[in-house]
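*Asks:* Based on the provided sequences and hints, a complete structural model is requested.
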Amino acid sequence: MTANPVLSRDTDGVRTLTVDRPDKLNALNRQTLQALDDAFASAANDPQVRAVVLTGSGAKAFVAGADIAEMNALTAIEGREFSLLGQRLMRRIERLPKPVVAMVNGYALGGGLELAMACHLRIAADSARLGQPEVNLGLIPGFGGTQRLLRLAGRAAALELCLTGAPVDAVRALQLGLVNRVVPAADLEAETMKLAAQLAAAAPLALRGVLDAIVLGGECGLEEGLQFESAQFALLFASEDMREGTTAFLDKRKPQFHNR
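For the sequence shown, my numbering begins at 156 and goes up steadily by one.
In short, the hints are calculated from the structure, not lab data.
All residues carry an ideal CB built from backbone N, CA and C; glycine is no exception.
Incorrect hints may appear among the rest.
Here are the simulated distance ranges between beta carbons [stated by the list, open to error]:
{"no.": "1", "residue 1": "Glu395", "residue 2": "Pro177", "range": "42 to 48 Å"}
{"no.": "2", "residue 1": "Thr402", "residue 2": "Asp281", "range": "38 to 44 Å"}
{"no.": "3", "residue 1": "Pro252", "residue 2": "Asp167", "range": "43 to 49 Å"}
With a straight-line Cα cutoff of 25 Å, these simulated DSS-like cross-link-like pairs (lysine-lysine) come out [claimed, not checked]:
{"no.": "4", "residue 1": "Lys349", "residue 2": "Lys215"}
{"no.": "5", "residue 1": "Lys179", "residue 2": "Lys215"}
{"no.": "6", "residue 1": "Lys409", "residue 2": "Lys349"}
{"no.": "7", "residue 1": "Lys407", "residue 2": "Lys349"}
*Replies:* Structure below.
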């Protein structure tokens with residue numbers, strides 16, 4: 156039986172998921188896509204998990220792309236199924252009711268950049284390289300890259316990255332809005348886990364409300380988004396965590412949130 160290509164570790168409410176195919180630069184084949192989908196479903200359903208960190212094994216790659224050897228043998232019908240499998244995973248991550256932080260430790264190319272863009276926040280090592288090189292293979296991004304690049308970085312950047320296939324360094328990725336922070340490679344894990352711990356200590360229902368309002372709001376018109384935000388805001392007044400948070404503020408103490 157093939158080993159699970161996704162490792163999982165829990166630390167104080169933070170689940171770290173690691174794509175573990177370092178000999179393939181953590182390339183995404185069908186088994187790995189399914190294992191990631193299962194891992195994120197498990198994280199969503201585990202009440203002990205407050206935040207998720209996603210990274211890749213080894214020092215060279217976050218995820219260097221989809222598995223080209225596997226793709227080379229696919230028919231058109233199988234290619235569509237492969238695309239839909241990847242898109243379902245990316246959508247699951249994007250819609251996860253808990254914050255997901257991508258720890259981009261190296262190459263994030265093709266499916267790897269698509270995976271990172273599906274996460275809510277991205278911290279990159281200064282040595283990371285990000286891009287959509289599919290055009291060099293006679294393909295286009297198939298896991299949502301054209302759409303998320305357009306929304307994150309804008310039309311000009313999306314066209315540049317997808318038409319040229321050329322990667323950008325971490326500093327350029329930060330300028331384009333593809334990543335939230337760039338840190339020295341030696342500090343990447345510590346800085347990412349610090350952020351994840353901060354998220355894990357926050358009010359879970361409020362975090363979910365933020366994620367829902369921003370992710371869903373970005374997919375509809377302004378008026379609909381405002382109505383949805385107002386509904387989410389009002390719902391939190393029925394939560395114990397909102398009473399705890401406001402009371403703790405008035406009492407000048409640190410709140411203790413319990414996800415209810």
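*Asks:* Each hint needs a verdict: does it hold in this structure or not?
*Replies:* So, going through the hints one by one against the coordinates:
Evaluation of the 42 to 48 Å hint for Glu395 and Pro177 yields a pass: the beta carbon distance comes to about 44 Å. At roughly 42 Å, the beta carbons of Thr402 and Asp281 sit within the given window of 38 to 44 Å. For the pair Pro252 and Asp167, the supplied restraint of 43 to 49 Å is violated, since their beta-carbon distance comes to about 19 Å. Between the alpha carbons of Lys349 and Lys215 the distance comes to roughly 22 Å, so the proposed pair stays at or under 25 Å and holds.
Pair hint Lys179 plus Lys215 holds up; C-alpha atoms about 11 Å apart against a cutoff of 25 Å. With a CA separation close to 18 Å, the supplied pair Lys409 and Lys349 stays within the 25 Å bound. Taking the CA atoms of Lys407 and Lys349, the gap is near 23 Å; set against the 25 Å cutoff, the hint holds.
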